[in-house]
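In terms of numbering that gives the first Met the number 0, the sequence shown is numbered consecutively and its last residue is 320.
For the record, the hints were derived by calculation from the structure and aren't laboratory data.
There is no bait here: all hints are sound.
When the alpha-carbon atoms are kept at most 16 angstroms apart in a straight line, the in silico EDC-like pairs for lysine to aspartate or glutamate are as follows:
#, residue 1, residue 2
1, Lys228, Asp274
2, Lys228, Asp272
3, Lys187, Asp306
4, Lys255, Asp190
5, Lys179, Asp140
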Amino acid sequence: MIGKINSFMIDYKIYNVILCFFSIIFLGCESKKHIEGLVVHRFENEFYNSNEQNLKLLIKKYPYLFPKQFPIETWKSFLKDSTRLSIYNKSSKIFDDFETISKEISQVFLKLQEVFPEFKKPKVITLNSQSEYEDRIIYADSLLLISLDSYLGTSFYPELPEYISLNMSKEYISNDIAEKISQSFVYKPNDRSLLAEMIYHGKILFLNKYLTPFNKNHIKFHSNMSKIKWAEENEYNIWSFFVENDFLFSTRNDLKSRFIYFSPFSKFNLDIDKDSPGSIGKWLGYKIVNSYMKNNDVGLNQLVKEDFYKIFNKSKYKPNK
Numbered sequence: 000m001i002g003k004i005n006s007f008m009i010d011y012k013i014y015n016v017i018l019c020f021f022s023i024i025f026l027g028c029e030s031k032k033h034i035e036g037l038v039v040h041r042f043e044n045e046f047y048n049s050n051e052q053n054l055k056l057l058i059k060k061y062p063y064l065f066p067k068q069f070p071i072e073t074w075k076s077f078l079k080d081s082t083r084l085s086i087y088n089k090s091s092k093i094f095d096d097f098e099t100i101s102k103e104i105s106q107v108f109l110k111l112q113e114v115f116p117e118f119k120k121p122k123v124i125t126l127n128s129q130s131e132y133e134d135r136i137i138y139a140d141s142l143l144l145i146s147l148d149s150y151l152g153t154s155f156y157p158e159l160p161e162y163i164s165l166n167m168s169k170e171y172i173s174n175d176i177a178e179k180i181s182q183s184f185v186y187k188p189n190d191r192s193l194l195a196e197m198i199y200h201g202k203i204l205f206l207n208k209y210l211t212p213f214n215k216n217h218i219k220f221h222s223n224m225s226k227i228k229w230a231e232e233n234e235y236n237i238w239s240f241f242v243e244n245d246f247l248f249s250t251r252n253d254l255k256s257r258f259i260y261f262s263p264f265s266k267f268n269l270d271i272d273k274d275s276p277g278s279i280g281k282w283l284g285y286k287i288v289n290s291y292m293k294n295n296d297v298g299l300n301q302l303v304k305e306d307f308y309k310i311f312n313k314s315k316y317k318p319n320k
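Take the sequences, apply the hints, and build the full model.
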């Protein structure tokens, strides 16, 4: 796990308790009939504009954000913490106008309902939480938590590697939401091969692209434009490298760390490594899935559960030299 960002609203220990709570209990949903009616509950504003007297009312309103094993004095101390208040002030300035992001979230929900009729719009809550990078968006069936303090802009996190902080600006919020929810619909492969893992992530990326057509490609791949351009220009060579080294059907664990896991660049163990985007296997998986969808009459609701062997064999994927 990537090191946590310090001094945010909820201690990481407390945040972990909340995550465990969500994994057990499904919360009530406030679905809306129209995308214009999406309500975003700005918990961080309510919390930092409260006082010791009305804090109990806030705890009653959001009991799932205040684990009972922590006394009320814990939350009272947060209201006086200068570092937390400074973070909140920064967050409130950046996200004073949430209208554009709210509209993007609404579009994601609407498209999800078109593809998956069983999808119900979750209750959307923003907050400032001391969370791990991977947990900046939490989706638990009928609840969506957005940790705004993880999206304060690249320059706000000088202690983090650039490939991580690059993803920590508000432009990534709708992308990360679509990605997180997509993961709940895409079937995980039973096969341990690298190809199965590539196509699994390729499905998520393809669905994400459909859900967020307003986002730029490099955002979906958590990289920068120059590295994605490099991948596009070298697609044939990248594919040949995987084929010639018999990586596709290999179950070697090191291949996932080299080509799937989040990283500053992929590890071909060549001079070109630093020019490449991290997780090139996900990008290649997306290319295979994209080819499959172009050459077959298949809906998104079928794609998410389709066998990866079938996708690969029917994709007719063959990049040009």
